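Q: One-letter residues, chain by chain:
Protein chains: 6
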Amino acid sequence: MKVITFGEVMMRLSTPNFSRFSQATQFDINFGGGEANVASSLAIFGIPASHATRFPNNDLGQAATAVYKKYGVGTEAISYGGDRLGIYFVEKGAAMRPSKVVYDRANSSFATLQPSDFNWEEILKGATWFHFTGISPAISEGAAQACLEAVQTASRLGVKVSADVGYRSNLWKWGKRPNEVMPQLIEYCDVIVCSKGDAADMFEIKPNDEKGSFKSVCKQIMERFPKVKKILTTKRGQISASHNTLSGRAWDGTQMIETEAIDIPDIVDRIGGGDAFMGGYIYGELTYQDTQKALEFAVAASALKHTVEGDFNLVSVQEVEAVMAGDVSGRLKR
Amino acid sequence: MKVITFGEVMMRLSTPNFSRFSQATQFDINFGGGEANVASSLAIFGIPASHATRFPNNDLGQAATAVYKKYGVGTEAISYGGDRLGIYFVEKGAAMRPSKVVYDRANSSFATLQPSDFNWEEILKGATWFHFTGISPAISEGAAQACLEAVQTASRLGVKVSADVGYRSNLWKWGKRPNEVMPQLIEYCDVIVCSKGDAADMFEIKPNDEKGSFKSVCKQIMERFPKVKKILTTKRGQISASHNTLSGRAWDGTQMIETEAIDIPDIVDRIGGGDAFMGGYIYGELTYQDTQKALEFAVAASALKHTVEGDFNLVSVQEVEAVMAGDVSGRLKR
Amino acid sequence: MKVITFGEVMMRLSTPNFSRFSQATQFDINFGGGEANVASSLAIFGIPASHATRFPNNDLGQAATAVYKKYGVGTEAISYGGDRLGIYFVEKGAAMRPSKVVYDRANSSFATLQPSDFNWEEILKGATWFHFTGISPAISEGAAQACLEAVQTASRLGVKVSADVGYRSNLWKWGKRPNEVMPQLIEYCDVIVCSKGDAADMFEIKPNDEKGSFKSVCKQIMERFPKVKKILTTKRGQISASHNTLSGRAWDGTQMIETEAIDIPDIVDRIGGGDAFMGGYIYGELTYQDTQKALEFAVAASALKHTVEGDFNLVSVQEVEAVMAGDVSGRLKR
Amino acid sequence: MKVITFGEVMMRLSTPNFSRFSQATQFDINFGGGEANVASSLAIFGIPASHATRFPNNDLGQAATAVYKKYGVGTEAISYGGDRLGIYFVEKGAAMRPSKVVYDRANSSFATLQPSDFNWEEILKGATWFHFTGISPAISEGAAQACLEAVQTASRLGVKVSADVGYRSNLWKWGKRPNEVMPQLIEYCDVIVCSKGDAADMFEIKPNDEKGSFKSVCKQIMERFPKVKKILTTKRGQISASHNTLSGRAWDGTQMIETEAIDIPDIVDRIGGGDAFMGGYIYGELTYQDTQKALEFAVAASALKHTVEGDFNLVSVQEVEAVMAGDVSGRLKR
Amino acid sequence: MKVITFGEVMMRLSTPNFSRFSQATQFDINFGGGEANVASSLAIFGIPASHATRFPNNDLGQAATAVYKKYGVGTEAISYGGDRLGIYFVEKGAAMRPSKVVYDRANSSFATLQPSDFNWEEILKGATWFHFTGISPAISEGAAQACLEAVQTASRLGVKVSADVGYRSNLWKWGKRPNEVMPQLIEYCDVIVCSKGDAADMFEIKPNDEKGSFKSVCKQIMERFPKVKKILTTKRGQISASHNTLSGRAWDGTQMIETEAIDIPDIVDRIGGGDAFMGGYIYGELTYQDTQKALEFAVAASALKHTVEGDFNLVSVQEVEAVMAGDVSGRLKR
Amino acid sequence: MKVITFGEVMMRLSTPNFSRFSQATQFDINFGGGEANVASSLAIFGIPASHATRFPNNDLGQAATAVYKKYGVGTEAISYGGDRLGIYFVEKGAAMRPSKVVYDRANSSFATLQPSDFNWEEILKGATWFHFTGISPAISEGAAQACLEAVQTASRLGVKVSADVGYRSNLWKWGKRPNEVMPQLIEYCDVIVCSKGDAADMFEIKPNDEKGSFKSVCKQIMERFPKVKKILTTKRGQISASHNTLSGRAWDGTQMIETEAIDIPDIVDRIGGGDAFMGGYIYGELTYQDTQKALEFAVAASALKHTVEGDFNLVSVQEVEAVMAGDVSGRLKR
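Residue numbers (my numbering), protein chains in the order written: chain A, 1 to 334; chain W, 1 to 334; chain X, 1 to 334; chain P, 1 to 334; chain D, 1 to 334; chain L, 1 to 334.
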C-alpha cells in the first residue's frame, strides 16, 4: 500500500501568537502544501506515502526536504532546481478578526517546473493511490501538464486517483481558465472533494433542483465524469476565528452519507484542516473499506488538525478513532 | 484634517502569556496612554494626528517617541524633560481571574510638566479636533492647567473638543476634587464619553427619572454644559476575563442612538478598548458625518482592538467596516 | 498553626503552547507533586507549611528545593539522597485533543526512600495538620511504610490527618494491592478526598442504594473508618480540553454539603487543580471552621488554579474570596 | 541639510542565535538595504534623510515603511506597487564557520520599478546630498535607468552625489555588464567608496605601479571621472566570523588619509557595517568639513554597527565620538 | 554565624541579548542591590545571611521577596511600605560599545524609609557581621540615618562591620555631601572596600607619597579611622565590554596582599561583580581566617560572577575554590 | 557504501544561554549519542548510515526517531521497548566556569536491552563499516554482549570495525571492569580512537619509552590487537569554556601523522566534538583513501561542530573542505 501526492510545498512564515505583521519581530517557520499535507497525514497514520514536488537546490529546499523526512514522507520523488521556494505569510486572527494570508509564490521552483522533471512511471510504480488538487494546474502550464501526465499514468497503471477540486481565485494567471483545464484531469479521478462553489467555478455545474441541493450537483458531476465514484465535501460552521464546527458529506452515486458536526473551540491552527480531511478519508477508505467510517475518520482527523500548530496533522490513529467514537471531552490522559 | 491629543504616555510592562508577577522572568514592552491611543487609532486609519505629551530626555523617552513615529503619529508636540517615564505593570487574567494593573506613574515627566511646556497656539494651529481625557487633570495641577489652556485655545481657534470623562479613583491626589476641576474643562467640549458612574463622580449628576436612565443623565449634562452636543458611552458585558460583549450608545440631544452588541470571545488584549472606541468615533464623525455610523464604526473598532496585543489599534478601515457590516465570522482571508 | 505534607515532587517538563512532543524544541520547567501542591497552596495563603520528600543531592534536587523556598514552603524535612528526580512530560491539549502525560518516575529518590529518612517525631512536632495522598503508598514499599509511620505519629501527637485517596492505575507495582495497604492508612484520617471510583478501587466499597449514590459510599466508608469525619469530592464537567466546570461535595456524616459549579473556560493549566481544592479546603477549615465555607473556598481556589501555569496555586486569599463571593467576571483590576 | 538615498530594501530573515537553516523554527525579522542603511544612519545621527524605494502595496510593504518611520527616515519618496518585497535569508556564523546569505530578491517591487515611479525633481528638491550604490544598477534595467535620472537631476540641482561602487557577482543578470553602465553613473559622483577589486570589476581599472597600490587605482579613477573628489575604502581584518578589525582610507586627490584599525571582537551583527561606514562618512563630511575626522567618524560608526543587531546603526553621535576619541574599553556607563 | 546586610534592592530590567533600548520588545527581569548581592552570595555559599531593606507592599515587592527566599536569604528584616520599587534599565554592550544603565530609583520605598522601620537591636541579635555600602547614605537622609543607627548598634553588640565605600556621583542629592556623612559611618567599620578614587570623593584623602600609591591612601584612612583593620580594592582591566581582567588587593595595616589577575573573556553579566568580591571576601575571612586566602576566594568568586546572568552569584564554594586553585580552563564537567 | 553505528541515544536537556540549573525556566531539547552522532555526521555528508539503538515505545522514543529520520539516518535498526529514554542535563559554561552535565541514564531502554533485540546479520548485511564506542559496554551486561555479537558478526561479514575507546569513570557499574570486557571487543577493530589515558584505563597499557610518548602506547596496542591498523587521537587545547584549539594525530603502524591545530574561539556547543572527529575520519577514509587527508577532514569537521548547537554536525562536505584548505576566516558567504 502506498500513496503518492503531487503539488507545491511552500514555506509558511507566521507571526507568533496573534501579532499583526507590523508588530512582528519574528516569524514561526512551517512547511506545507495541500497535497503534501495529505502525504504527511498518511505517513503519520502509518500508510507509506511519498510526495512529488520541486524544491530549489539551496538550504531552504534542503530544510523543507528534511521536515518531510522527519515525519516519514518519502522524498525520492522530489526534483531539485529552479530559483526559489514559494512563501506565504500568515497572521493568526482572533475573535472577529480573520487570519490573513499574504502569498509570495510566483516564480517558485514548483511554478517553473518542466513536466520532464517527473518520471511518473517510476514514481507511481507500485502505488495504490495518487492525489492532487486544483491548485497545481492553477499555478502554471508546466504544473498543469505534469498533473495531466500523472493522472494519465496513474490511470494506466491502475492507481486510484483523487483530487481536491479547490478553486483559488488568486491563481489561474498563466493563460487558461479552470474549465479549460480541470475537466480533462477529473476524467481520471475516482474520488473528488468538491463543494457547490467549486463545481460552479471549475466545471460551470450548478444545482438543478429546487432546493439548489449539493446532491443535484453531485449527480451532474458523475454524469459528466463517469469514473468519479465518490464526491466529498465538508461543511464548516464559522463562529469566530478560533471557533468552528465541522461535518462531512459524501455522495457515493446512490446516497448522501453525512457525519455529525464536531465542535472545534479554541482552534490552534486551522490551516491544513481540509487536507487533514482528505488524508483522513484516504486512510479510512484504505483501512475500513466503508465510506461512512472513512468519512467519520476524515472529519475527526480534520477536527484534530485544528488543535495542532503547523501543516502536519500530528495525531495518531488511536487519537482520531477516539474522537470518531465520540470522545471530544479532551479529558487528561495520564 | 488633523487631530491633536494630549495626555500621559506610559510604558506598559506585562508578564507574558498568563504568568503572575511572581512567576515572570520577562516583561513584554508596550507604550500607550488613553489619549495617545486615540491619536494612533486615527493615524492608522489615515487621519493626520499628533500627540502632545512630555517624555524624559533619555533612552526610554526616545524609545517611546520612536514607537509613535512608527505608527505615523506626529511627535512634534512632545516636550522633553523631567525625570522618568510613568510605568504600569500588567498581569493578564484568564477565566474568572481578572487582569491586574500595578501603577508606578508618580513623579513622571508628564506629572511634573509646566503648562509652559506646551505652546497650544502652535500645536493646535490648523487642527480640526482636540481630544483629552479626565485622566490628565487628575494627575497634577500642572497637567490640569495645561488641559485648561489647551481647551481654551482650541475653543478660541474653532477646533472641536472631545473628552473621555473617565474617573480614576486612584488619581486626583494633587489637592483638588474632580468636581472642582472637570466642569471648567467640559464647558469647552463638543463631544464627551461619559458613563452614569462618571457623571456622578465627576459632576455629581445622577439619574433623575424613575428608571434611573442614562438619558436623564445626558439631559442634565447638556443643560449644564450647553456646548456639549454628543454624549457617548459603551456597555461592556463581562462574561469572563477573556470573553466580553460590547455595544455603544450616543445621546445627541434628541435621541438615544444605539448599536447592537458585538461578541468578543478569545480576547487578546482589552487594554485600550475604550480608547479605540473614541478613536473610532472621531474617525467616524469626521468621515461619515452620521452619528449612527460613527458609533457603529467606534464599536467595531473597539471590538477589533480586543484582538490586538498592545495599545495600538492596528486594524485598517476596511477591517473595521467589515465588522461594522456584520462579518464577525473571522473567516480566513487568503 | 502549621501543616505538614509528604509525597513525591517531580520535575514537570511541558511542551510550550500546544506543541506535540514531536514538534517541541523546548520544555517549560515546573516542579510539583500532589502533596507539595497542598503545602504551597497553604504557604501562599499564609498558613505555615512544610513539605517532606526526598530529592537527589544534585543540581536538580537543589533547583527543586529553591522553588519551594521561593514560595515559602518549609524545606527542612527534605531528605537528600538517591539517584534521580522523578520526571513527567506533559503536552497540553486543546479542544477535543486531551492533554497527555508521559511518566518517567521509576527509581526516583522518593521511590527509593528508606522510612528512616524521615524523623516524624521531629517533623510533626507542633504541627496542626498532616496531609498525604494515595500516590505515595502506590510508589514503593518504603514510601508506603513511611506513610504509615507518619500517620501513626501524627495520630499519636494529636495532629489532624487528611488524605486524597486517588487511585492511579499505572502505579502500585511494588507488590501489594491498594486494598492491602490503604485501609490501614485511612484508619488514621480525619478528612479524606475520595470519589466513588476511588472507593471502589481502594476499598472495594460500592454504592449500596438504588441510586448508586455517593452518599451511600460515604456512609460505608465512615462505618469502616470511624475516625474519618469528612469525605470530600469534586465533580468536574469536561466540556473540552480547555473548558471545564467544577463543583464540590462534602459528607460530614450527617448531610451532603454542595457548592454551585464554577465555569472554567480558557483553562491555562489544569494540572494541580485537585491539589488546589485540597489546599483550599484545609485553609478553609482552619480559617472558617465551617464546612460549607471551607468547601466553597476549596472550589474557588481550585477554579483559580486552572488560570495559573504550573503546579503552584499563585492566588491570594482575597482573590479566592472574591470568586467565592460570586465574582467570576474577570473584570480588570486597576 | 537633507540627504536622499535610493535603493532596494529587503526583508532580512535570520535564524536566531547560531542555528543553521535546517535547525531553525523561527526567523528574526529585520529590514534593510545598502542605501537605506545610510539614510537611517544619518537620521539617527540627526541629519534629515529620506529614502526612495519601491515596496509592494501589501502588509509587508507597510511593515517595512513603518520601520523606517520609526527611526526617522523620510518615507515620502517610497513608491508602492509590484508584487513582492525582496527577501534574504541569513544564518549567523561563528568561529571558522562563515555567515551565509541566501537571496530571494528576483522580481521584487524594486526590481520591476519603472523610472517614472520616481519624480526626482521633487524628491531632490532642497537636498544636500544624494547617495546610491552599485547594487541598484545591477538589479534591473529600470533600476539602472532610475539611478541615471537621479544622478543627472542631482547634478543639475547642485546636490552632491556619492556612490558605494560595490560589485555583486550574483546580480547583473538583466543584460548589460557593469562597465557598460557604471561609468556613466560615476561621472556624476563627488565621493565614491571603491576597493581595488571593485575598480577592476566595475571600471576595468587595475593598479599601474609596482606595488599594485590602491593609490595608483585612485589616480586613474580620478582621471577618468574628474568630478570625483574623494575615494574611500575600508580594510577589514577577518580573524574569525565574530572577530574582525576595521580601518579606513580616503584618497582626496592629493594624499592618502588613513585611520588606525579598530579591533572588533564579539561581533553581534556585521551586516550593514559598510553602510554604516558610508553613513558615518557623510555625517562626518557634513559636520566636520574635514576628511580625516569624517573618515575616523566613519570607521568608528562602522565598528559600533558590528555591536548592534539588524541593519540600523542604532548608535548616537556621542557614542561614535567616544570611540573616535579612542575609548574602546566598553566600560559600563551608569 | 550570621551576616546581616542593609541596602536598596532594585528591579533590573535588561534588554535581551545585545538589543538597544529602542529595539527591545521585552525586558529580562532581575532583582539585586549592592548589599543584597553580598547576602545572597553568602547564603549560596552556605553562610546564614539576612537582608534588611524596604519594599512596597504590592505584587512587585512580593515578587522581589520571593526571589531572595528562593536563594536562601533571610527576609525577616524586610519592611513593607512606601510607593514603589526602584528600577534600573540595562542594555548590554558588546566589543567597544559599553553597557548602559538608566536609573529610575527616585522616591522608591527604600528612599522614603524611616529609620524607625528597622529595629536594629532585633535584626542584629546574634549576628556575626554587618555589611552596608556608600550607596545607602547617598540615597536619602532617612537611609543615611538608618545606616548610622545600624552601625552604632552593630558596634555596640560586637558585630563586625564592613562597608563598600563606593561613590556614585548621580546620587547624593538629598542635601549633604559625602564627606559630611561617610566619615561618621566608617568610624564603626572593621573592613572597607575603597579605591583611590573613592577615598578622594568620600574622605578627601589623596595619595601622599611620590608614586601616588594606594598604600599611602590606606595608611591615611587607617589613621583617620582606627577601627578599620582591612582595606580592600579590586583592579579591573577593561579590554572590551565582554572581556575584562580582575585582581584584588588588601592592606592589612602592615602589608599589601595581592592576587594574580584572572582573565575574564566572554563576560555573561558583569553587574554585581564587585558585590561578589565582597561576598567572597566575607566568606573567605569567616572560613579561612587568612586574608590572602580570603582575597583569592573573593577574586575567584567575582570572576565567576561574570559568567552568571543576574545579580545572584550562583556558584558553589567548590567552583570558587577550583578557580582559586588555578583551574580556569572551563573544562567540561561530566 | 553504508555505515552502521550502535549505541545509546539520550535526550539532552540544556538550559538556554548560560543559565545555571537553578535559574532555568526552560530546557532546550536535543537528542544525541556518541555513536549516533557518527551516523548523523556521515548521513549529512551523504554517506548512507543507520543507527542501531533501543528506544522506549512512547512519544519520546518516537520524537527521537523522527529527529534521526530528519537528518537522513536510517532508523530501521532501532528496537522499541523498555521503560525510558536516558536523559542528560547540561548547563553551558562560560570563561572559567565549566559546562556541567548531570546524567539520568540508569534503567534506560538501551541499558535494559537484550542482545536478541538486534539481529546483526540483518543489520550489517551490505554494510561497509561498523562503529561503536567504549560507552556501550560500560552501560550494562546486555549492551556489552550486544557489542560483542555485533563486532563478531561484522568481522565475519568483512565489515570494517571502528571504536572510540573512551573511558567514562561514572559508568562501568554492572559488575565487570573495563579491562575484563574491552580487549575482547578491540580484537575485532580496524580503527580505534584511543588517548593515552584511555589506553591506561581500558587496557592498562602505559607509555614505555622515556618521553612517555603516545607512539609507544600505540605500538603496544597494535602488538596486543594485531587487527588494529590505525590509532587516532585528538588534542584539545583548553583556553576557556568557549575557546579551545584542536588537532589530531593518527598512528598507522609506521608513522605518526599529525594535523595543525585549529583555533576555535566563540564555541557554540562543544558536545559531540569528538564524535564529529570520528564521523569526519570515517568519511575521509572512505572518500580519500588517505590517512593524512582523512585526519585533516576529521579535525576540520570537529572544529566546525563546535560552531553548531546540538549533537548533529550540520555542516556540508564543502564547508569542511574549506576549513581543511585553511580558510578559517569566517568571511561572510553571499
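Please keep in mind that the hints were generated in silico from the structure rather than gathered at the bench. As the structure is a prediction and not an experimental result, all values here were calculated from the model. Accuracy of the hints is not assured; some may be wrong.
Any copy will do: because identical chains look the same in the list, a pair fits if it lies in one copy or spans two.
What the hints assert, rightly or not - Result set (BS3-like, lysine-lysine): computed pairs, CA atoms no more than 25 Å apart in a straight line: (1) K69 <-> K173; (2) K206 <-> K125; (3) K293 <-> K215; (4) K2 <-> K70; (5) K227 <-> K333; (6) K70 <-> K211; (7) K125 <-> K69; (8) K196 <-> K69; (9) K196 <-> K333; (10) K69 <-> K235; (11) K69 <-> K2; (12) K196 <-> K173; (13) K176 <-> K211; (14) K219 <-> K2; (15) K333 <-> K100; (16) K173 <-> K333; (17) K215 <-> K235; (18) K160 <-> K229; (19) K206 <-> K70; (20) K215 <-> K2; (21) K333 <-> K235; (22) K70 <-> K100; (23) K100 <-> K69; (24) K215 <-> K176; (25) K173 <-> K125.
Q: For the identical chains here, do K215 and K2 meet the 25 Å Cα criterion within one copy, between copies, both, or neither?
A: neither (31 Å within a copy, 56 Å between copies)
Q: Should K333 paired with K100 be assigned to within, between, both, or neither, using CA atoms and 25 Å as the limit?
A: between (34 Å within a copy, 5 Å between copies)
Q: Up to 25 Å between alpha-carbons, please classify K227 paired with K333: within, between, both or neither.
A: For K227 and K333, the Cα distance exceeds 25 Å both inside one copy (44 Å) and across copies (34 Å).
Q: Using 25 Å as the alpha-carbon threshold, which applies to K196 and K333: within, between, both, or neither?
A: Answer is between; shortest inter-copy Cα gap is 20 Å, intra-copy 40 Å.
Q: If the cutoff is 25 Å on CA atoms, where do K173 and K333 land: within, between, both or neither? Let me know, please.
A: Cα proximity of K173 and K333: across copies only (19 Å, versus 49 Å in one copy).
Q: Is it within, between, both, or neither for K70 and K211, if the alpha carbons may be no more than 25 Å apart?
A: neither (48 Å within a copy, 51 Å between copies)
Q: At most 25 Å between CA atoms: does that hold for K69 and K173 within a copy, between copies, both, or neither?
A: neither (32 Å within a copy, 35 Å between copies)
Q: With identical chains, the pair K219 and K2 could be close in the same copy or across copies; at 25 Å between alpha carbons, which is it: within, between, both, or neither?
A: Neither: 30 Å inside a chain and 55 Å across chains, both beyond 25 Å.
Q: When no copy is named, should K215 and K176 be tagged within, between, both, or neither for a Cα gap of at most 25 Å?
A: Answer is neither: 29 Å inside a copy and 60 Å across each miss the 25 Å cutoff.
Q: Are the CA atoms of K69 and K235 at most 25 Å apart within a copy, between copies, both, or neither?
A: neither (32 Å within a copy, 36 Å between copies)
Q: My question is about K100 and K69: at a cut-off of 25 Å on alpha-carbon distance, are they close within one copy, between copies, both, or neither?
A: For K100 and K69, only the inter-copy Cα distance (24 Å) is at most 25 Å; the intra-copy one is 29 Å.
Q: Is it within, between, both or neither when you check K215 against K235 at 25 Å Cα-Cα?
A: Within one copy only: 14 Å inside, 46 Å across.
The structure does not agree with the numbered hints 1, 2, 5, 6, 8, 10, 13, 14, 19, 20, 24 and 25 stated previously, though it agrees with the rest.
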